[in-house]
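Given the structure of chain C, go ahead and fit chain U onto it with the hints provided.
Top to bottom, those sequences are chains C and U. Counted the way my numbering counts, the first sequence spans residues 5 to 456. Counted the way my numbering counts, the second sequence spans residues 5 to 456.
No lab work stands behind these hints: they were computed from the structure. Note that this is a predicted model, so its numbers are computed, not measured. Quick reminder that beta carbons are idealized off the backbone N, C-alpha and C, glycines included. Any given hint could be a false lead.
Once the Cα atoms are required to be at most 27 Å apart in a straight line, the calculated DSS-like pairs of lysine-lysine come out as [as the list claims (entries may be wrong)]: (1) Lys259/U x Lys259/C; (2) Lys259/U x Lys285/U; (3) Lys442/U x Lys426/U; (4) Lys404/C x Lys442/C; (5) Lys259/U x Lys27/C; (6) Lys404/C x Lys394/C.
In silico negatives: residues of chain C with every beta carbon more than 10 Å from chain U [claimed, not checked]: (7) Val188; (8) His210; (9) Pro249; (10) Lys285; (11) Gly288; (12) Gly363.
Chain U regions said to be covered by chain C (calculated; three or more residues, Cβ under 8 Å) [claimed, not checked]: (13) 103-114; (14) 322-330.
In case you want the letters, here they are:
Protein chains: 2
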Amino acid sequence: MMNTGSILLTDLYMLTMLEGFYKQSLNGIASYEFFVRRLPESRSFLVAAGLEQALEYLEQAHFTSAELEWLGQCGRFSPAFIEHLAGWRFTGDVDAMPEGTVFFANEPVLRVTAPISQAQLVESRLINLLNLQTMIASKAARCVLAANQRTLVDFGLRRAHGAEAGLLASRASYLAGFDGTATVLAGMMFAIPIYGTMAHAYIQAHDSEREAFETFARAQPGNVVLLIDTYDTEQGARVVADLAPRLRESGITIKAVRIDSGDLMIHSRNVRRILDDAGLKDIGIFCSGNLDEYRLRDLVQDRAPINGYGVGTRLDTSEDAPSLECVYKLVEYNGEPRRKRSEGKATWPGRKQVFRQYGTSGQMEGDTITAWGADQAGQPLLEAVLRQGKRVRSTEPLSKIRERSAHDRERLPEYLRVLENKTPYPIRIAPALEDLAKQADEAISRRREFLE
Amino acid sequence: MMNTGSILLTDLYMLTMLEGFYKQSLNGIASYEFFVRRLPESRSFLVAAGLEQALEYLEQAHFTSAELEWLGQCGRFSPAFIEHLAGWRFTGDVDAMPEGTVFFANEPVLRVTAPISQAQLVESRLINLLNLQTMIASKAARCVLAANQRTLVDFGLRRAHGAEAGLLASRASYLAGFDGTATVLAGMMFAIPIYGTMAHAYIQAHDSEREAFETFARAQPGNVVLLIDTYDTEQGARVVADLAPRLRESGITIKAVRIDSGDLMIHSRNVRRILDDAGLKDIGIFCSGNLDEYRLRDLVQDRAPINGYGVGTRLDTSEDAPSLECVYKLVEYNGEPRRKRSEGKATWPGRKQVFRQYGTSGQMEGDTITAWGADQAGQPLLEAVLRQGKRVRSTEPLSKIRERSAHDRERLPEYLRVLENKTPYPIRIAPALEDLAKQADEAISRRREFLE
Chain C
5 MMNTGSILLT DLYMLTMLEG FYKQSLNGIA SYEFFVRRLP ESRSFLVAAG
55 LEQALEYLEQ AHFTSAELEW LGQCGRFSPA FIEHLAGWRF TGDVDAMPEG
105 TVFFANEPVL RVTAPISQAQ LVESRLINLL NLQTMIASKA ARCVLAANQR
155 TLVDFGLRRA HGAEAGLLAS RASYLAGFDG TATVLAGMMF AIPIYGTMAH
205 AYIQAHDSER EAFETFARAQ PGNVVLLIDT YDTEQGARVV ADLAPRLRES
255 GITIKAVRID SGDLMIHSRN VRRILDDAGL KDIGIFCSGN LDEYRLRDLV
305 QDRAPINGYG VGTRLDTSED APSLECVYKL VEYNGEPRRK RSEGKATWPG
355 RKQVFRQYGT SGQMEGDTIT AWGADQAGQP LLEAVLRQGK RVRSTEPLSK
405 IRERSAHDRE RLPEYLRVLE NKTPYPIRIA PALEDLAKQA DEAISRRREF
455 LE
Chain U
5 MMNTGSILLT DLYMLTMLEG FYKQSLNGIA SYEFFVRRLP ESRSFLVAAG
55 LEQALEYLEQ AHFTSAELEW LGQCGRFSPA FIEHLAGWRF TGDVDAMPEG
105 TVFFANEPVL RVTAPISQAQ LVESRLINLL NLQTMIASKA ARCVLAANQR
155 TLVDFGLRRA HGAEAGLLAS RASYLAGFDG TATVLAGMMF AIPIYGTMAH
205 AYIQAHDSER EAFETFARAQ PGNVVLLIDT YDTEQGARVV ADLAPRLRES
255 GITIKAVRID SGDLMIHSRN VRRILDDAGL KDIGIFCSGN LDEYRLRDLV
305 QDRAPINGYG VGTRLDTSED APSLECVYKL VEYNGEPRRK RSEGKATWPG
355 RKQVFRQYGT SGQMEGDTIT AWGADQAGQP LLEAVLRQGK RVRSTEPLSK
405 IRERSAHDRE RLPEYLRVLE NKTPYPIRIA PALEDLAKQA DEAISRRREF
455 LE
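So here's chain C without its partners, still in its complex pose:
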């Protein structure tokens, strides 16, 4: 079993730098901000997610004795430094956008303020956790917009990148508006509604489809969804039509059929007709198979008679954008704004806040990024979540995060609701932040003239 809480889920250079800081007794207060440099081409907004797991990580992060022993044996670090690591804990502050918040490029989503030896060490895992769930929640929100009220279920565990990816994809897609997941452990861990039917192997293990359907219905009478495409979809639907009255006599209702292959538009229409002709208008049609927001949109726009969808691989891997250009950058050290100026990677210095402006109808009109503490109209998006390593408030229930996400989705301007939108959302840099950038650059130049 993987120790997903290990402090050694970090890049080696964090530890080499820490030893550098330690030997110089350099441990001033540093602020790092997590943000996304540029949105993927196929995203026009993102949904913040993963904060809860990030906080859990920070609260429990420490070096175990086995880890310290291994670090000692690897021969890269001095014994004094290893001993020092034994007392390492995260005792800093975190400000963040609450999960479910819509955000955009260059907006700080989370800020850590702590002694630099604490704030630096947690970089890899914080990015790892926030990137994953934000990426999935953002993809899921697009599916939710495209599906226009149809039921959506996460089917992606098998091709998610490992166990944690699968579990957190269930969580992220649910908070972004999905109705549930097929992943049982996500149901147990996060109380997400779980959905499930049958696989082709169940049909194949029986002598006939009819026998498989009937035994399944009798074994799971409260949840009868029958997979009808193992051999021939329309023939499968006819078997269901034939079987339904007999099952009804035993008090068993077939809830839905599932189609997992072929042209879903054509098959769903054929199947709907077969079921309707048999007077089975209440049996729903559930579809799956290589779905994403584009396929959902097309099926919904073409009025496919489909009541719900299972979305798998393309959701759980965020297939068209399997990572975000997200970073965690030093923005202030010892009270002084800092910025990196590497080519193509320059960042805004200093601690920041994002304010959101709304129109009279409640729609989002634009955001302003400004220096922390500067006056600005609008709704401030970052709030205090950790102070001196302790939570400012208790864990948010997933249902509350899901409501926030739905509310933000409702407030999206019309152009951001379109899958292939090219209109950028207005993000303004406030004069206060521009002034700070000028100061930081002048300070870098001064230090260089003086010291080099």
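Okay, now just chain U, sitting in the frame of chain C:
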């Protein structure tokens, strides 16, 4: 912390099907095969990986009392079935290609033969584990071919999809020929060599780049790699050139500089010249930043003076192919071959073996997929790994897997070594397998005529 060994890392339908099997006392011996339907467009071969984690999973899989209790409370299953699950263990057989083996579409990579209630339940997690590492190992092998002997290090943890993805990406890339990883926990868990330098924040936390370089070198004298692009790459190289003689007086050697931004071709040439002019020919140049096999190939072909590369996001997410079309399909039940005939998803029935033919120079010439037990020339690729739930041999050392992978890479025909290859590798279906498919189809038709 995530329980990555949980048996509930499965789709709900596995459990609903299991209850169906249970209530019918249907539990014949089933064989399922894991294979990839089609290679991604940008892959012309794959590298098998993940078997070790799959076996660990099967060996320890069971329902904990907390899991059984939760399943009972969720109201979907009968108490008798829950009680039955308490005794669930995997006691079946597994045959598989050893890790590091090159393989192609439709070739079984792993086969489970067990009572159907065992073989079915493990589907989701087996696919999840094999998909992840096979995908990363295959991407990594392409990087290794492109880098033509340069040092390659996995830098991808931060944007890998969660902790397990990051750790297993380190393992998969190492077994496919990478030299190491930056992920410390992967070093501890898998004894993979770890690599690391410094981040921009280290430089920024100091008053000058020079001061940062010098303090770092004195703190980590055995491993001095200096990041020179925080402000201006060439200026950073000049600071290194100036500092090197002074550090040498203290017995400290600068091993390399790292460049993480800008045009790596231009900067590496400029930096090489600056270092060479200062007589520092021994200081290597290490580069990172949005690299993948295509960028590596271009830099190597253009003779960039770069000694090693860190490959991150695009490796750990397998960015151009973030999933494989891999499936785990019932191929035999109660001694009879089975196949699914869903549109576009038809499979070859029966238990199979893959034989590889080699040319006189030792190059791979083609594979033949045939029925298990049929006579065929060539090297058989699947071997026994589990019998009645127990390992046939002990865990393979990663070094041995890495050697096998290197050996297979050497035997790749020239056209498969090209990144944009369009020539398909010859895969033949043996007559014995075609006969089996005919039998299976006839059996399906017979059953349908008889029963429906």
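For this session: Starting from Lys404/C, check that the Cα of Lys442/C is at most 27 Å away, please.
Result: violated (40 Å)
For this session: Grab the minimum beta-carbon distance between Pro249/C and chain U and tell me whether it stays above 10 Å.
Result: holds (17 Å)
Problem set entry | Beyond 10 Å from every chain U Cβ - status for Lys285/C | Consistent with the label, Lys285/C stays out of reach of chain U, its closest Cβ about 24 Å off (over 10 Å).
Exercise. Are the Cα atoms of Lys442/U and Lys426/U separated by 27 Å or less?
Worked result: Roughly 31 Å separates the two Cα atoms, so the pair is violated.
For this session: Determine whether the non-interface label on His210/C survives the test: each CB of chain U must be over 10 Å from its CB.
Result: Violated, since 8 Å does not exceed 10 Å.
Exercise. Between Lys259/U and Lys27/C, is the straight-line Cα distance small enough, at 27 Å or below?
Worked result: Answer holds: Lys259/U to Lys27/C is near 21 Å, not above 27 Å.
Problem set entry | Assertion that chain C covers the segment 322-330 of chain U - criterion: three or more residues, beta-carbon distance below 8 Å | holds (count 6)
Problem set entry | Claimed clearance of chain U by Gly363/C, with the beta carbon kept past 10 Å | holds (35 Å)
For this session: Given the hint that Lys259/U pairs with Lys285/U, test it: the Cα-Cα distance must not exceed 27 Å.
Result: holds (10 Å)
Exercise. Are the Cα positions of Lys259/U and Lys259/C separated by 27 Å at most?
Worked result: At roughly 67 Å apart (the allowed maximum being 27 Å), Lys259/C and Lys259/U break the hint.
For this session: Evaluate the condition: distance from the CB of Gly288/C to the nearest CB of chain U exceeds 10 Å.
Result: holds (16 Å)
Exercise. Checking C-beta pairs, does the segment 103-114 of chain U have three or more residues closer than 8 Å to chain C?
Worked result: Per the Cβ count (0), the hint is violated.
Comparing the model with each earlier hint shows violations of hints 1, 3, 4, 7, 8 and 13; every other hint is respected.
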